[in-house]
Amino acid sequence: MRKKTVFQPLVGLLCLLLISFAGRAQTQKVTGRVTDDKDQPVAGASVTVKGAPAKGVTTNAEGFFTINAAPDAVLVVHSLGYQAEEWAVQAGKIPSIKLRAIAKELNEVTVSYGKQKQREVTGSIATVSAEPLQDQPVMQFAQQLEGKVAGVSVMESSGQPGRGVDFRIRGAASFYLSNQPLFVIDGLPITGSINNINPDEIETYTVLKDASATALYGSRAANGVILITTKHARAGEAKVEVNASYGVQSIPGNKVPKPMDAFQFATFMNERYQDMQTYEGYTGAIPTEYQNPSQYGAGTNWFKLLTRSAPIQNYDVTMQSATEHSSSTAIFGYQEQQGVLINNGTKLFSGRINKDFTTANGKIKMGVNIAPSYRLDHNNRLATDGVNGYFERFFEASPLISPYNPDGTYQRNVYSSGMVAYINPLATYNLTNDDYKTTRILGNVYLNYEFLHGLQLKLNAGIDKGGETRNYYQSGQVTSTVGNPTGTSSSVDNGSYTAEGYLDYKKTFGEHSLEVLGGYSAQKFSSTSNTITGLGFPNDDIPYLSAATSVTGSSGYSAYSLVSAIARVNYNYKGRYLLQGAIRNDGSSLVGSDARFGTFPSVSGGWIVSDEAFMRRLKPIGFLKLRGSYGVTGNNTFSGYYSAQSTTSNYYYNFNNTITQGTTIGNLGNADLQWERNLQLDLGFDLSILKDRILFTYDYYHKNTDHLIQTRPLPTASGYSSILDNVGAISLWGHEFTINTANLVGKLRWNTSLNISVDRNRITALVAPGYLRRNNTVTSDYYRQQVGHPLGAFYGFVFEGLYKDATDLANSAKYQATATNPNGVSNIGTIKVKDINGDGVIDDVNDRTFIGDPTPKFTGGLTNALSYKHFDLTISTAFDVGGQILNAAKWAYQTNMDGSRVPLAAALDHWRSLTNPGSGVYPRTLTGTTAIGREVNSQWLESASYLAIKNVTLGYTLSLKANSMFNSLRAYASIQELAVLTKYSGMNPEINLSGQDPTSGIKVDEEGYPIPRTISFGLSATFK
Amino acid sequence: MKKLYILALAVLASSCSKSFIDLSPKSSYSDANYYQTTQQFSAAVTAAYAPLTSVVTNDYLMSEMRSDNTIYQSLLSNRGTAYTDREALCEFMDASTDSYNATEWQYCYQVISRANIVIDRLPGAGAVPADSATHFDGQCKFLRALMYFKLVRLYGAVPLYVHEVMTPDAAFLPRSSVDSVYAQITSDANDAINELSAPVSFPQTGQATKGSATVLLADVDVYLKKYTDAVTLLNTLPGMGYALNANYGDAFTPANKNGKESLFEVQFLGGTATGATPNPLLFHFLPRSTSTALVTGTAINNTSTGGWNTPTPDLIADYESGDTRLDASIGIAEGTYNASYYFTYSALKSVVSYPGPPAGKVAVPYIKKYEHGAVAVTGSSDDFPVYRYSEALLLLAEALNEQGQSPLTPLNAVRTRAGLQPLTETDQTALRADILHERRIELAFENKRWHDLVRSGTAITVMNAFGVTIQQEFTYFPVGSYVVTPDKLLYPLPQAEVGLNTKLTQNPGY
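Chains R and S, in that order, are what the protein sequence lines are.
Using our numbering, read the first sequence as starting at 258 and increasing by one per residue.
Using our numbering, read the second sequence as starting at 202 and increasing by one per residue.
Calculated from the structure, these hints are not laboratory results.
Only part of the chain S face toward chain R is listed, based on derived beta-carbon distances under 10 Å:
(1) Leu224
(2) Ser225
(3) Ala248
(4) Arg280
(5) Glu365
(6) Phe373
(7) Thr473
(8) Ala477
(9) Ser682
(10) Val684
(11) Gln696
(12) Leu701
These numbers were taken from a predicted model, which means no experiment stands behind them.
Glycine included, C-beta positions come from ideal geometry on N, C-alpha and C.
So here's chain R without its partners, still in its complex pose (with noise of 0.2 Å):
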């Protein structure tokens, strides 16, 4: 067992810091004066003598004090939002003190445990502030930050309501587990979802992206931080703010796949059946529905019975109040999203308090920040996305056939003949309730208590509870069986405590500034949960298990938990040499019991070249920092806590009609599993031009991640299907630029932020045989990772258009050609793909390849800010050029030859014969003949590229000094998904199979539910 501690040498380190402090003596009166750099009086400012807090006085109103003081005294005089100032007393000198405003948030930075002033940051972080953001009319917080920073993709690969968006960090992957970045609100990592947290009440994002940045966070930081800072009063302040916003939402229209309506479906069927006739010796009849097509109209339109325009809302207060010595801010809001699909939506209810204290001396600093909230999600976690998902099946019900029954209830089946059989989408949506309930508390207290100058014991303890039911049940009438009405209920009871200690010790020796940190932390989440299925309702008048005639169940435990030591040690000299190194010793629950213990180092350094004396002569550079770092993170975010191990399952079997429960190993474990390692190189450099008018970051990161943890599948001739193992290594390296610049800065304003990312990425090793494949089919075989090439490489055969001729179908290899049937399943008019092992015949095994890649050339976005008078225009775009994407919803699914799904419309132009042979793009409909259609291949394959205008914001604001009751008004109108420019054909290009994991089908597109568009207004409006 390798088990290392920084504990010891630690301690010896603060305790040699344990230094006191003498008192003087000999006073005379001092009177002076405090203002601000407008020269105007700070009232309420509080002076004291060097080395004598406790005696302290304030100014009166004009900004003037009288205070004892000793002939050589330093006077030091604090404000809150202004810097704090010294002044020497001389003999007949009045002090006449000028504070400075501190210039909000830019100067400091949240980073991990603490703040840092911005000029001495050395690793790669990025600060977004909330509030130009909050005009947007979206749920999720990850929503708004879409294009905002270099280095993080935000996408949106499903619209369902409060739901479906994704976040990653350079490129972060992960084979297996999470690609999340460790999400921090005010000091804790929670471990519940973030989907519960309300967009208003955060006032900053800070974004740790390199190793140094994250390093305190260890075996969780490989996918980066993001840390979130909830909005608290600042000093002075006393206000009441309302916002309130109302939008209504759509699916924009031209990308949404047109099936065919019952005119076209009954042509189509109807020829399918004469080619029948034609081709294969058929002798039945067509059926009857498709002998007269012109019969028809257009039919059901399912996808218009299923969709809708809905609203959004959302109203929240907020209270802020705050003296020199305690600060509260109440936070309350509401929102509700309704789905853009018929009966389902969520609503969210959330509320905020942070507190904060100071005693007088200000010594002491504790607070508490505690955030509940409920939340009520109807039917917007059905399976809608994906293959089979219910948003599939809008398209592919038949149009011939009506959703009601003469009689108004609802018919069962809705497919015609030789589809194969649907049930009723629209009364499946009605018909099904699927409600989860959620309660969830995020909270916390700390102490903050500088016990010794310059010394400070920080305590910090916190809370992420959560509680969950759900409440399922769909009616006899849409199971998948006939009448066999399912209803669930169930329940979870989750959460995580964290609690950390550490001391951190600030010290300046001259022009040498060291801080010094050191601690430990703890962190436990459980999660008990259960879940019963009631079946035989007699009917559906009650949707609850009490009426059911069999009720099956069952109910778990589990839980992991972390314990850590953690060091950093800031060191600069003059201000302009930087220097960090920080450690973390981790042990966790999670992986293999002989390598529980892992340990994670990082150094940074920076160099303000702007300070040198040689910089001075180039006068349009007013900042310039150089920055490099290099350290080692891990990854442990399982979601089977006990997976390393092996554990035990139940599996029955009936002795002569007795149940018998038999008990034995059901995941195999393993004891040597490591963490996954990532170690990362940044560099990259800061830029200040023009008196702040252009600033440019720059960074370039390479990381190489191994010890890659996968289920790896084994063969099943074990006994098993897979373990989890260490099984490879993946580079990932890029390039990352930011650019704001303040283009016009008189009465017409104009900002604008920009930022790209250039991100790659190669597998580099990985167990044999070298790939993992996602399943071993050809029809969802999507893509394969494989050493030398990048994730989600697609994987397939290679599309060679249509047999043209008798000539081209006998010069071609032809799919699963045999000696006895040499033209296999292919013919004239079929799909031709290429012959890669040049045997003569096209196989699943031996003619499939690598076919695409899905990683965009670049990424980024794009952000212009305008402001005139009262008015101010925000125009916010994501981008992504370069990569592939996969459409599958529309070859495997949207175009059957069979008929046996209604097809899109495009494809009544297929192959019919020599002299009728289509566009050349649909195959014909010769039995037997369609699969290779419906088995991946490189026709599927699009360009991802796209410009998304997410946001449009307009607003007009009244100031209103002179108002009694407000302070400001402002009234806006809000366009967010205005449009998505692309030539992609598929609704959206920003989907992936399983949200932002690069490992399990990114750009790869089964359908999910639409992101609507939506339009909205809002007011809001701050009260004196």
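Since chain R is already given, all that's left is putting chain S on it; use the hints.
Coordinates of chain S only, in the frame set by chain R:
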């Protein structure tokens, strides 16, 4: 003082950290604290039996529908691989990527893996009394032998796992020769015979017995042409209490399960209680329909599960006149197919002297052997036979005949029970054909026919000839169906397995 506090805190934190992160599951066992008591080993043995239900609900595709006994119902409206993969097994057009082939392989090996765990861990379990340990070991050796016998006949040389897999590396084994697989089977079956007892009473418990192991080893011996050994083994069975039921159909009724004719059967139990394992095969074997109510009582929609293992005209014609087994085994469903290839049942008829369907209807034969009245949506309580005493008699007949002795006593015992006249044939070659024919009829739909054709050396001629006929009778078979070459006598190893485990080689022709 402060220094002391901090030091104390540090020591405390580092000492409790190990236990803080040492978590084991609470809602299941980990292997570190399981496999200790008799009750736990008993449960581990039960778990080894459990995948047998999956094996037999898949095996008919590999061992019966491959033969001349059954075919499938056409479903041209759905060409998904869930259907084409099953059809291909019937048509001899299966590729190594066939998912039903992979399922068979996986479940057979799952039984083996769970048996290995028990066999390996028993010697270290001090708390288990010796007689219990012997009983557990015997059952697991029987299960392991039974599954390797299935595998070696389907695939030839297969990887031989005889120890518990505990690391990733141990999961990758090469194929072992057919001889070494048979050596393992013989050794395991012998151990099982020695360790297990004969049935205490009938109906039996459903666990493997000395009788189960005896007939298994005798079957293996007949395969390996060790006829003397087979005769010796088979002659011990009557002494254990086994005998034929009065009627052929009795062996298959749920009320009669584990009776005196049963040497080993896979246990099923219908219902929705936790742990019930309903038998869905009835739905698999009926024509696809949105309602099978006419057969099953309740309206079952088997459009996605049904349409398989349909008895062929060739089989029906092979029943001798007056054979009571025909009516017990096969029924006729009359009705109509719609354009989506779903069947609407109009009447059920007896197959005996069936005159053909009325105008406008089609007649679809279906397996009646496992159909016993109304069932629930999830399936029935019908067990699935693995070895019956009548098969032991036919094995005995075969072993005697191959040694030049008269097989007529055991052979005629089976025939007379079926209402047929005893045979008087004395020619060895003619008798060989008679015994094979008798096995076809007696053991129809019990997943024996394909193996019988292969071991008798008749598979290629019989199946090619059958293919010609059947494609004249039914036009939905694709071009190239039923081309039976010597390579087709073994199935391909599942492609996923060969792709993953580079130590494996593929069978020729795939």
